[in-house]
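Colleague: Residue numbers (my numbering), protein chains in the order written: chain X, 1 to 358; chain G, 1 to 358; chain S, 1 to 358; chain L, 1 to 358; chain F, 1 to 358.
Keep in mind the hints are simulated off the structure, nothing from the lab.
Check each hint, because a few of them may be wrong.
Any copy will do: because identical chains look the same in the list, a pair fits if it lies in one copy or spans two.
[Stated by the list, open to error] In silico DSS-like links for lysine-lysine, alpha-carbon gap of 30 Å or less: (1) K355 <-> K299; (2) K165 <-> K82; (3) K194 <-> K105.
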Amino acid sequence: MKRSVGSKRKRVIPKTGLPPGSIVYTGEHNVEKVTIEIFDYDEAGLREVRPKNVEECFPFKETPTVTWMNVTGLHDVEVIEKLGVYFGLHPLLMEDIVSTNQRPKYDDFGAHLFIVLRMLHFNEESGEVSTEQVSLVVGENFVISFQEIEADPFEHIRDRLRTGKGRIRSMGADYLAYALIDAVVDYYFVVLEKLGDGIETLGEETVADPTPTTLNTIQSLKRELGFVRRSIWPLREVVGALQRGESSLIHESTGVYLRDVYDHTIQVVETVESYRDMVSGMFDTYLSSVSNRMNEVMKVLTIIATIFIPVTFIAGVYGMNFHFMPELSWPWAYPVVLLIMLAVGLGMVGYFRRKRWL
Amino acid sequence: MKRSVGSKRKRVIPKTGLPPGSIVYTGEHNVEKVTIEIFDYDEAGLREVRPKNVEECFPFKETPTVTWMNVTGLHDVEVIEKLGVYFGLHPLLMEDIVSTNQRPKYDDFGAHLFIVLRMLHFNEESGEVSTEQVSLVVGENFVISFQEIEADPFEHIRDRLRTGKGRIRSMGADYLAYALIDAVVDYYFVVLEKLGDGIETLGEETVADPTPTTLNTIQSLKRELGFVRRSIWPLREVVGALQRGESSLIHESTGVYLRDVYDHTIQVVETVESYRDMVSGMFDTYLSSVSNRMNEVMKVLTIIATIFIPVTFIAGVYGMNFHFMPELSWPWAYPVVLLIMLAVGLGMVGYFRRKRWL
Amino acid sequence: MKRSVGSKRKRVIPKTGLPPGSIVYTGEHNVEKVTIEIFDYDEAGLREVRPKNVEECFPFKETPTVTWMNVTGLHDVEVIEKLGVYFGLHPLLMEDIVSTNQRPKYDDFGAHLFIVLRMLHFNEESGEVSTEQVSLVVGENFVISFQEIEADPFEHIRDRLRTGKGRIRSMGADYLAYALIDAVVDYYFVVLEKLGDGIETLGEETVADPTPTTLNTIQSLKRELGFVRRSIWPLREVVGALQRGESSLIHESTGVYLRDVYDHTIQVVETVESYRDMVSGMFDTYLSSVSNRMNEVMKVLTIIATIFIPVTFIAGVYGMNFHFMPELSWPWAYPVVLLIMLAVGLGMVGYFRRKRWL
Amino acid sequence: MKRSVGSKRKRVIPKTGLPPGSIVYTGEHNVEKVTIEIFDYDEAGLREVRPKNVEECFPFKETPTVTWMNVTGLHDVEVIEKLGVYFGLHPLLMEDIVSTNQRPKYDDFGAHLFIVLRMLHFNEESGEVSTEQVSLVVGENFVISFQEIEADPFEHIRDRLRTGKGRIRSMGADYLAYALIDAVVDYYFVVLEKLGDGIETLGEETVADPTPTTLNTIQSLKRELGFVRRSIWPLREVVGALQRGESSLIHESTGVYLRDVYDHTIQVVETVESYRDMVSGMFDTYLSSVSNRMNEVMKVLTIIATIFIPVTFIAGVYGMNFHFMPELSWPWAYPVVLLIMLAVGLGMVGYFRRKRWL
Amino acid sequence: MKRSVGSKRKRVIPKTGLPPGSIVYTGEHNVEKVTIEIFDYDEAGLREVRPKNVEECFPFKETPTVTWMNVTGLHDVEVIEKLGVYFGLHPLLMEDIVSTNQRPKYDDFGAHLFIVLRMLHFNEESGEVSTEQVSLVVGENFVISFQEIEADPFEHIRDRLRTGKGRIRSMGADYLAYALIDAVVDYYFVVLEKLGDGIETLGEETVADPTPTTLNTIQSLKRELGFVRRSIWPLREVVGALQRGESSLIHESTGVYLRDVYDHTIQVVETVESYRDMVSGMFDTYLSSVSNRMNEVMKVLTIIATIFIPVTFIAGVYGMNFHFMPELSWPWAYPVVLLIMLAVGLGMVGYFRRKRWL
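This is chain X alone, in the form it adopts within the complex (with noise of 0.2 Å):
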């Protein structure tokens, strides 16, 4: 569960001096190659394409049917390019879909609505969450998803579509868009929860063995939960935008859809803001465990030093060489003034139970 400083802080874009709407793809190259995938469906049937290049894409925009094209890979800005300017997409939505930084947004372009969320990937071994930038570009009888990596949410959603289960395949491209943000809501839950087992070892951790260690994965995790926080926030206000209904593209009928998403997001806000609320207290629980151990130890010294620098001076005494000392020469005075030691001692120890330090 480490995550270096650094790495955070790379998100921030130098991407400086170039004239607004330039495609220049900001993320990491995760795909070998660009791949799309099309599925165009109505209640009657679907159609399951992988066009090997983006041309093969254009006849899908004319059909009645409603058409999802999933492009997986952005690095190859070209792809991009074409499929954008075939659906009239403005260069500012096409910079975006590319700069993968960006927060969770809803813009409203009248032909079509641009969606940006933010996916959380749980790295099991780092401990790491990673986010990745999914865009999705919502059209009368169309919906583009533009993901950096494939992604496994959207596999039920092709389930869906392929047995023609539930509603999905009866219902617009607006129905789809939803679906496809409710599989990535839904996906945060997956990732809480495993983010959930590393805070509950650590606090057991932290209330059972704290060392430094610990003190720096509590702060990583905070760090990693006020990252995952940033992420999400601002997905309220999307879906809240959405479901507000303000585009014709959206139907009333999804609406109710729409709001039941608005209430999941606000489900995950909360368990992010209660797990903070843990961390916070694991922080101030160690604090205070250091403080007590710092305690237990001083407590020990006391204790040894208390009884035995009294009884070491007694010893001191009788070692000092007076010639007029008499008890020296009283055949009882060794073993009396090993008593009174023994006895200043058992004092000391009785002081200290009264104490309640034994």
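Dock chains G, S, L and F against the given chain X, drawing on the hints supplied.
Modeller: Coordinates of chains G, S, L and F only, in the frame set by chain X:
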């Protein structure tokens, strides 16, 4: 008053990949069988029925009298579904009824209102607070309430319906809904009273005898209160929305009662806030009493050490074996040295007295 | 200035299970009998009556003159109920009058306004602040005030009514209501002044001689102020709502006076806030002075130990019994060693001087 | 820079029991006599008068030229009252003028506006900031300003009026009011500059040589800044309300100037906020430097103790009086033991070096 | 990365007593001479002029082409004034241009818009961030930009104007204004990147080797970030206001670009917030590592002392000079006592092992 970190974490739903409106119960099976109680009443009389199967409920939809159907147990999804379909409930509404980790919310479906509440339960043994979801569907002349376990607070309402006490029998379904909400909110005070007892005990423990366990209890109580707060906070909006009378299902005469519930809700929230302040204060008291203890330990060590270290040194000096140490052969040297030691010790004690350490 | 944690906790009402509008007194019985004072006045004259039973109040409802009925003592619910029924008060309003733990609030019932205030009392002996509920029902030409105990602040208003000083007799019921609210708010300043005295004393104690008791007092003062703040804060909204003149019962000419009360309320809230800041500062001062004390204890220990441990070692060396220790037989060895010891001691003292520890 | 806790506490007014509109001066008597200055001007000329009694002011009410009456000293309530009655001021307004602990506020009385400002003064000797109330009554062609003591900032405006510099003489009463407000706000920067010097000095002291006195100064500076903030903060709203031009007494051409004052006010507030951040940072620095000192003390003790305790033990071993201790009679035993002691000591020093404690 | 407390304090303007609209430069003289660059362009061509005196700029006011006048250096107030008077700028606007400590702001003067931005500079040597004021006056077909020093970020815009790259030449003055704002915001990312490097280094230092200097750096970095935040935060509102398109000078087609800048501004603010969180976390880490060090020091002291104090006592016992101590003459007494001492020492070590201190 111990609540494991994990138990709270489990509240995240991992129900991903299902089409929306899938009615899957996400709670625990708390009752053996789904039971339905029906109270069908008007000012003139009351008919109380316990139908054997869900179909027996259907005729009550048509009666001009007010009908309260109280469904206890949500695991038998089929029952919920049948009822829902017959009463024309939206699939998402039915999904929300059985997804038992919703925040309090209010949805207006036109023909009926949907209200989700959270009921608090205080487990006397563990000192934990758990919550149960109570959903209300309020129609023109019926209210259907759904709950996971058989809850107590509605008993008073059953009594009032049976005896005809108060104005409940002479008013409509909206007043019944108000009465149910009021019962849930009133029960919060009972749970808060019990939490308050725990806080009081803890407050005394923190001052009198703080241990690391005290800290754990403080932390978990803090989380507990955060949890309660999150369960209650959205209720304000819910009741506020109901009270604004935007739905024609809520009559104006009920508005004043809802305003009363609203005031109670704010009182609950403020009580929780003041409890949180108290628990925060306890944390500060705990930390500072740990500091004070350390201080006391250090003082004891310092007093003992600073009294005996100098006199032990004096003893050490006269324990040296130099051949030419004239004091050694003086007859009064030994008692004089003992007196000097005593003087040094008393001097130290006097110094500590002046410093107010003794 | 000690207030037990529990006493504040008792403010939660456990009145569950009763139908709404049940008039049950939830306070303590502070006065022996419910007493009613009636002031019936116009510019021309004043009639002051102390009716023996509640029925004697009824005729005043019809008089064209302004009538102030001041009801002291709320435990005799029957009296309240009779009065309420005759003056046409809503059952929930009557319930609120006797549920003496309401937050300040304002309700417009059309024919009359209902205002709940909280009056502060400072108990000189315990240093505790307690609150009492004062409810006002403001009609076209009457004001009924309800209070638990006979409060002082209204004495000034009685005087003004009797002597005809100021413009109170020449104005309507709304002005009387303003005057009563103003009296309550003005009395806050008296209580705050006394709390301020306590804070001042505590501030000096924290700097001069902090003990664990100081911390307890700081914490309870913090709670006390939080309690005062919660009692006063909602008053802002109440007076703000009155001043906006939404009710036709409040004449425009009274608006400027209510704005004045509003300003006073904000001043009270700000004073409480600044007290809270002071008490927070004291907590920090307390913690740091505990730290400083520990520091001083450690310094004394360190100075004594580091001066005597090395010289005791030297004495130990010459206390060894080796046969071949040439120094032992040197005639000047003893004084030379004593001088070395002195030099080591003085060197240490010099070191501490340089470090500014002495 | 010391301000006693009590002095701030005195700001609470205990003026209870008087009818509203009672004109009672609540400040201190700072000037011997109430003085009035009159500036009557238009673009053509200026007439400057110092009337001997308040009646001399009355004719200026009728002149078509702009009149500025600057009243210094508020203790002679009679003067204020006469002036107020002649100019038709509301009794509550007059009460506010002489109750010199008002927050900045703005009231529109139709025929005139009432503006309360707080002027800051920095006492060079005590380092304390005090405030004085400045009230403005702005009419169609007159401005009356009331202040407790003869303040400096208006000197610039007198100069500009006399010399006709700038556009002040060619504009109306609203511009004059703006100029007076601007002068008060500009003077805040002077006071802040001086507070800033104190903060700078304190910052250096905190790092170089923190003592408990430093903490007291930090705490009182914190309170001082809180006090300044509370005095300035409501001014934002006052100037904002003026600038929105809701009153016909404020001409549109003055709006742009008020917007400028508004910007300055925000700048003042931000400066105060940044000072508060600095002082907060100092508190943290103070605490951590106290910790660091303790650390250093402990290190010295530990180094001395851990070097000498083991070697003292060795000396103790050879000080034992057993008859059969073969080492005692070895000729090289004594120097060998001394070397061992040296080795132990040096070993310890090496250990501390490695630990970076030396 | 050291910034003295005082340097930030200097930002307060002491320009009091001057009439409003007095054009007095409050910054430092950073460039030798005021220089003006003129870019006059339309889609067809570009004319680049460097006029020798301000009068040469006047003809460009009338051209139908878009004109960008970039004024570098603000100390020669006369130049600004001449330009301002000719272009009909309000005196307060001109005052704001040369008062170089304005917050970002936006004013609509009807015929032109006035925008104040703050440009960040990162001083590589001192690690300090400084800001420079950039003011824009946006008219129908001209933009005048004012800056104190010759800033780099506009170089890209000059390039684009010269080469005709992008759509800048084909669009109006509002697009140019957008491009300038965008350049300033984009440059923030560069400065943040560098601040981020400093934070990363500091984060490692805090964990590995914290010293009091580390604390100073943390504190000054915190202040630095607070300063950056205050400089950027109001920009949100500025761009938001521009984007809402309330002015007819901003064409609708530019709105989408301004929305893009708005998104960037929010991203900048969020980055600053996340940096602040990191620095706060470092402070906590610092404090707790100071605590941990103290803990370790105490442990070493305790281990040494508790091992040697008991065995030194045993040595002291057999150093006593009593005549009757039978053990002294036993032949195996000495080695037995040594073994006992060893056992005590090992016992202590074992105890510490069990306590996990070793």
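Colleague: Under the constraints set out in the numbered hints, which ones does this structure not fulfil?
Modeller: Going through the list in order, the structure violates no hint and respects every one.
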